[in-house]
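There are 2 protein chains.
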Amino acid sequence: MAEEMMNNKQIILKHYVEGYPKESDMEFKNSIIKLNVQQGSNVVVLKNIYLSCDPYMRNRMSKLEGSYIQSFTPGYPITGYGVSKVLKYGDSNFQEGDLVWGMNGWEEYSIVTTTQRMPGVTAYAGFYEVCSPKKGETVFVSAASGAVGQLVGQFAKMLGCYVVGSAGKKQKVDMLKTKFGFDEAFNYKEEQDLDAALKRYFPDGIDIYFENVGGKMLDAVLVNMKLHGRIAVCGMISQYNLDKTEGVHNLFCLIAKRIRMEGFLVFDYYHLYPKYLEMIIPQIKAGNIVYVEDIAEGFESAPSALVGLFSGLNVGKQVVMISCE
Amino acid sequence: MAEEMMNNKQIILKHYVEGYPKESDMEFKNSIIKLNVQQGSNVVVLKNIYLSCDPYMRNRMSKLEGSYIQSFTPGYPITGYGVSKVLKYGDSNFQEGDLVWGMNGWEEYSIVTTTQRMPGVTAYAGFYEVCSPKKGETVFVSAASGAVGQLVGQFAKMLGCYVVGSAGKKQKVDMLKTKFGFDEAFNYKEEQDLDAALKRYFPDGIDIYFENVGGKMLDAVLVNMKLHGRIAVCGMISQYNLDKTEGVHNLFCLIAKRIRMEGFLVFDYYHLYPKYLEMIIPQIKAGNIVYVEDIAEGFESAPSALVGLFSGLNVGKQVVMISCE
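These protein sequences, in sequence, are chains A and B.
The first sequence runs contiguously to residue 325 in the UniProt record's numbering.
The second sequence runs contiguously to residue 325 in the UniProt record's numbering.
In case anyone wonders, no lab produced these hints; they're calculated from the structure.
A portion of the hints provided could be inaccurate.
As the list makes no split between identical chains, a pair holds if one copy fits it or if it spans any two.
[Said to hold, decoys possible] Dumping the calculated DSS-like pairs for lysine-lysine here, alpha-carbon to alpha-carbon at most 25 angstroms:
{"hint": "1", "residue 1": "K9", "residue 2": "K85"}
{"hint": "2", "residue 1": "K244", "residue 2": "K226"}
{"hint": "3", "residue 1": "K216", "residue 2": "K244"}
{"hint": "4", "residue 1": "K63", "residue 2": "K226"}
{"hint": "5", "residue 1": "K244", "residue 2": "K199"}
The shape of chain A in the complex, shown without the other chains (with noise of 0.2 angstroms):
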């Protein structure tokens, strides 16, 4: 059998990074994919469509031991979720065109055996798994107009909570309020004291808190908790590119107000997928819910794309179209 060659423009980590990651962390490399694939073996070879830029993928960066993820390898390309098209199929359970998603390499053709599975359910899991959420309870979610808070945003209001969230920009804090229907939004960055604007929000105090960013606002949500509340942790990404990380001082508040809080990852409650799609998809078609997506166009732009997350430049979730097909 020929072999059949193609070019594969790869995104590769140079090394392990510290603080910020920058877009030198990482470079272009080209390399050279064989697209020959065995029938009947469970290889599938895909273009790859978009790719995802997640918060997570920051600690990939570091050097990881022990942790709930593998580092990234330096000199290899970065990996992460993403949708491709299926070109070349050994497995009979694909055919040529079909859309698959999964985590594959940031490259712009992928050979992969397995496919996996994407966010959204990590809002859906979070949500309604960790929080225990009842109708007419406070939520408040920090990042809250991020690829996770959104949807738990719009998940709490559909099940008639009060819904706060903060974000750091006037066009995303708009956006709260105008698209995603959140009762109150505010910029955290223009608010002197934490505390002070929670108790604005939430002058009976916060029983459920959905937590994406760690540090300050965690020590000022604490002090504003209801007895009973719960603290989904879902990420902490205001800590994620510090050498130290912010020290946490009020979790006394855990027991004299009896706090839950509880950290979780999607990878423990992918088999909720379909029990989501049934829930979501619908709503998605009546409207209900939206999303609000940031679309960086081709490949060039995915290392400042992941770059720009950490310092809050996307609005909604990150994404990088590397091919229309």
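Given chain A's structure and the hints, the job is docking chain B onto it.
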């Protein structure tokens, strides 16, 4: 009816306390108490026999706002749990000489209208209800020789867990192994590196942490927790006397390891008291559960006994015997 009067020595909080409490923050006062009780009322006159010294009392010495518990009132007696004997009763549920316990003033005689519940249940509810323990799991208890810790360790052993405790004095550490049957114990004051100490005793990590101390120990525990570990937050005694609490830096572990960290107070579990007694009494009689009390003698010793708690002078549950009757 002739009024019956008695001298009633009391221990008064002089002022709100900052930093470590001192004996001089309290003072003795001679007052007079009227012993008359109207038959058919729900009033009971008690002669106090034991006073209980507990870490949560430190919080009540500060000026608290919106806390789970009220501050003591400067100029009035300190209050706390205690065991008392009924002297006079308006309520026919009581007889002279009955031993009762509940929340009373630190004074020789108290006039009360209700009775409440005592510690022990804290260990019971915290371990069985909050920790979700399973046979064979690894359990770490800080302040392990204290009133709550010594029981938690024994409950965990009864269930077939591997149990390690920490304490701050050789005598206490020895007692954990020889008296309470902990598998291992260590003196946290002799460890340069708490992380290394925990790795020595938990090479495969900790399933359950029963948190009594907070601060640096919590930070070291977080990095040594296993996936899906549970932290029951019962107290943070290392932080109670600090003007500014230590920051906790490793909360990202909650996400990476999907840890549930839950604060609790015994108030929420009083309904379990009958179930607790049903379990604990036969175990104590059979010698399966033991306890160590540190009994200070005489009303005059109460302030020093309370103050000593915060530098770990007590060995076991600290009580003050103020009467032999």
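(message) Treating 25 angstroms as the Cα threshold, decide for K244 and K199: within, between, both or neither.
(response) This pair counts as between: shortest inter-copy Cα distance 22 angstroms, intra-copy 29 angstroms.
(message) At most 25 angstroms between alpha carbons: which applies to K216 and K244, within, between, both or neither?
(response) This pair counts as both: shortest intra-copy Cα distance 14 angstroms, inter-copy 15 angstroms.
(request) First find the shortest C-alpha distance between K63 and K226 inside one copy, then the shortest across copies, and answer within, between, both or neither for a cut-off of 25 angstroms. (result) This pair counts as between: shortest inter-copy Cα distance 20 angstroms, intra-copy 38 angstroms.
(request) Using 25 angstroms as the alpha carbon limit, work out where K9 and K85 are close: within a copy, between copies, both or neither. (result) For K9 and K85, the Cα distance is within 25 angstroms only inside one copy (17 angstroms; across copies 85 angstroms).
(request) Have a look at K244 and K226 and pick one of within, between, both or neither, based on CA distance no larger than 25 angstroms. (result) Between copies only: 23 angstroms across, 30 angstroms inside.
Comparing the model with each earlier hint shows no violations; every hint is respected.
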